[in-house]
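**Q** Residue numbers (the numbering used here), protein chains in the order written: chain A, 4 to 266; chain B, 26 to 324; chain C, 676 to 1045.
No wet-lab data here; the hints were simulated from the structure.
Predicted, not measured: the structure shown is a model, and the values here were computed from it.
Fair warning: there could be bad hints in the mix.
As the list claims (entries may be wrong) - As a list, the in silico DSS-like pairs of lysine-lysine whose alpha-carbon atoms are at most 25 angstroms apart:
1) B/Lys-179 / A/Lys-63
2) B/Lys-179 / B/Lys-231
3) A/Lys-177 / B/Lys-192
4) B/Lys-259 / B/Lys-231
5) C/Lys-977 / C/Lys-940
6) B/Lys-62 / B/Lys-259
7) C/Lys-977 / B/Lys-179
8) B/Lys-192 / B/Lys-231
9) B/Lys-62 / B/Lys-179
10) A/Lys-63 / C/Lys-977
11) B/Lys-192 / B/Lys-179
12) C/Lys-1030 / B/Lys-192
13) B/Lys-192 / B/Lys-259
14) C/Lys-945 / C/Lys-977
15) A/Lys-177 / A/Lys-63
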Amino acid sequence: MSAAQDNDLPLLTVRDVSRYYGARLGCRDVSFDLWPGEVLGIVGESGSGKSTLLNCLSGKLEPSGGEVVYQTRHEGALDVYRASEARRRLLLRTDWGFVHQNPRDGLRMAVSAGANVGERLMAVGDRHYGNIRAAATDWLGRVEIAADRLDDRPTAFSGGMQQRLQIARVLVTKPRLVFMDEPTGGLDVSVQARLLDLLRGLVRDLGLAAIVVTHDLAVVRLLAHRLLVMKDGEVVEHGLTDRVLDDPQHPYTQLLVSSVLPA
Amino acid sequence: MTQLDEGSGPAEVGVAGYNFAYLDEQTKRMIRRTILKAVAIPGYQVAFGSREMPLAYGWGTGGMQITAAIVGADDTLKVIDQGADDTTNAVSIRRFFNRTAGVAMTERTVDASVIQTRHRIPETPLRDDQILVYQVPMPEPLRYLEPRETETQKMHALSEYGVMHVKLYEDIARHGRITTSYDYPVLVNGRYVMAPSPIPKFDNPKMDRMPALQLFGAGREKRIYAVPPYTPVKSLDFEDHPFSIDRQPHSCGLCGSNESFLDEIVTDDAGGRLYVCSDTDYCRERREAGDVMNRSAAE
Amino acid sequence: MYVAVKGGEQAIDASLEQLARERRGDASVPELSVAQIKQQMRLAVDRVMCEGSLYDPDLAALAIKQARGDLFEAVFLLRAYRTTLPRFGVTLPLDTAAMTTRRRISATYKDIPGGQILGPSFDYSHRLLDFALMDEGAPGLAPERADETRGESAPLPRVTDILGQEGLIEGDGDLDGQAPGDLTREPLRFPASRDLRLQNLARGDEGFLLAMAYSTQRGYGRNHPFAGEIRMGDIAIVIEPEELGFAVEIGDVTVTECQMITQFKGSADKPPQFTRGYGLTFGYCERKAMAMALCDRALRAKELGEDITAPAQDEEFVLAHSDSVEASGFVQHLKLPHYIDFQSELLSVRDMRAKAMARANAKEAADDAA
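Let's have the full structure, built from the sequences with the hints guiding it.
**A** Dropping the structure here:
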């Protein structure tokens, strides 16, 4: 299948995804398509179900109902939850990436920055120390971490550097789809701005598709092409980012936009 | 308490009330089935119903259970610890089998049909009619990187071994070399990463395509695994930092060997050191061969 | 000329002989009999039977004597004996409601059918050394009254059954027709089913379980328990050999049972109700039975959809480290020689030091040259 044909199909097809925790609703009947190179933002207050949805989409939490289908590079469509765990885990460490809000959840804090970036390469069979190290050095540079920090542990890094290191660790295997859970949460405002700028550049340069969950509308304004607005586990509005933020239709979106945008 | 008699030949009787080689036949059969499975899947840790043995866990109960399950009346058994036949734990285990099975015992590697070992592989190359039984304290090579059994099982099943190389990468980045010096992890038959037990990495190359069957028993952790004869065993490394062994810059003070693994003996409190073969049988054989040529020098 | 250290055999013989002498102690003091230990050190005997998982008071007493009072060692002796025994059959489940009850207390109801029975307990003793016991000829106890019976032989309903009548407590659970597992024959695998977990805890070290249980009370996995009922007494062991086709009593054992009751807020499938933590021991091991019940309940966190945040809720952590024979053996194996691993480490450290010094020297030389 040629790359051109690839682009005729959605990268990720999500149909009627629901997740319940016992009787409590996590998210309900979410459907959308994500196209190659597209960035989708999912916004809502805490408790709106956006993190549950992200976990369902990224293969970490099996939905109570619905399906998530991923268009693989060479093997056609893959139903993420019908695939074997082996296949799913392989996907998670090659074609997909996950950026956690807390970099500690995504990094090995006890090994050096170089080993953190190199791990995914080693996991897919790279066995040349020099090449792994060169790739790690290159990626540190791309996330604006000085090369002389290569052998330092992330414990010695600032929060912003840890987050950039996590991003380098995820992107080193050139994934096609990256999931981000509040990637700028917990960072100072000035650090947030720099990170957003970096992310926007990387996403554009690499042609990444991404799904970004955040409560911060400034983040999606900068990064996302399209938006899903969630409330009480359901999608209440869905559209192009500028349209949703500048001309919100649902009363809840209007509230969300008016409470944040004036600032 | 009755004193144990240890002779070199078969004992007249076993221990009253206990079966040949201590374990009952049902248990031995279960262990032999486990061994067959382990041989069929080289390097894979097979769980088994490990029994309490009259020696403490961590003192060789896994190796003893394997030996008890495979040893027959016509076998000749050798037991070593740290390469030596006369270390206390080796003596204790040899006594146990002498008392409960009464099989022939030997200190000579070439004469043994079954060799139970802790922490060494004999220097003398083994043959395809011999079996080497290792005592294993921690069978899981991934354990110090991932404490959970449920997770390490998945990692083995899916060959997710990247994290092993993270450890090696980190060693080189920090120290310029891989610092693991014993229990150095290996890849068996291109599939399973395996802990070779705490043998020095000096011994790792001996495991590769060894003619003898290698059996590994971990009693406390309840696992048996195996390397069948002539199976490839590769020590993990990087292409540009290949596995290498540390050559000791000495030769044996007794037999003069510069090819064997040496024990360091502190001879005085002024920094005096003597290096001698850890494999006592190998050392003796060499000295006896040397004696023929130069009898007076030994006296 | 250097001669390698020899004489492992003589050293072992001498060590065993010294051990035997030390065990006997001063020969002018009368030797302790197994019967004395069985009668007067009964709680030690019970603990050794429980953790040794073999109900035989005579052999447990012998093990204590042989182990010089070291109960870990005695448990080990009993286990190593037990493992060689043939297995004739499996008993029917014990009906603890039908026991001859010597002690039975509930912390949840002031009065219960059949009443509270204190029985032989340290609970209300004052912990004052009784110097009268220094003398072997201490005044004896009054003879038991003729009308005094040892225990209540009429069946006493369990407190949990009383709650069960109202549906206030979950069921006892069942094995869905499967035979209970046996971790002395099959290795424990994770995740473990509850039958195997209870077997593991029943064999587990009392001190370890006590500390784990205590940690749940101090906030590491808190679950608000009540001691619904603790009972101790004698109970018939019944087997039903296939070739006979009917049940036969083969003897009595003493057991202690603890049912902890814990509040549960309910889930999608289950209404709010009380849940159970269960403890059962051979002999009179009340502290152990209570600790076991708390650990059992803590380990049900996953099944009940509770957050797993504390060590006591972590199945692999608790079950993999509860066995005293395993733990004691492995900790003490550090006494065995590790010359070879250490020699390899020496080589490695010397090499790294040489490299580091060479680097430092080279840098110094470069600095000097500059």
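**Q** If a hint holds in the structure, say so; if it does not, say that too.
**A** Okay, the hints, checked on the actual structure:
no. : hint                   : result
1   : B/Lys-179 / A/Lys-63   : holds, 15 angstroms
2   : B/Lys-179 / B/Lys-231  : violated, 29 angstroms
3   : A/Lys-177 / B/Lys-192  : holds, 23 angstroms
4   : B/Lys-259 / B/Lys-231  : holds, 10 angstroms
5   : C/Lys-977 / C/Lys-940  : holds, 15 angstroms
6   : B/Lys-62 / B/Lys-259   : holds, 21 angstroms
7   : C/Lys-977 / B/Lys-179  : holds, 20 angstroms
8   : B/Lys-192 / B/Lys-231  : holds, 24 angstroms
9   : B/Lys-62 / B/Lys-179   : holds, 19 angstroms
10  : A/Lys-63 / C/Lys-977   : holds, 17 angstroms
11  : B/Lys-192 / B/Lys-179  : holds, 19 angstroms
12  : C/Lys-1030 / B/Lys-192 : holds, 20 angstroms
13  : B/Lys-192 / B/Lys-259  : holds, 17 angstroms
14  : C/Lys-945 / C/Lys-977  : holds, 15 angstroms
15  : A/Lys-177 / A/Lys-63   : holds, 20 angstroms
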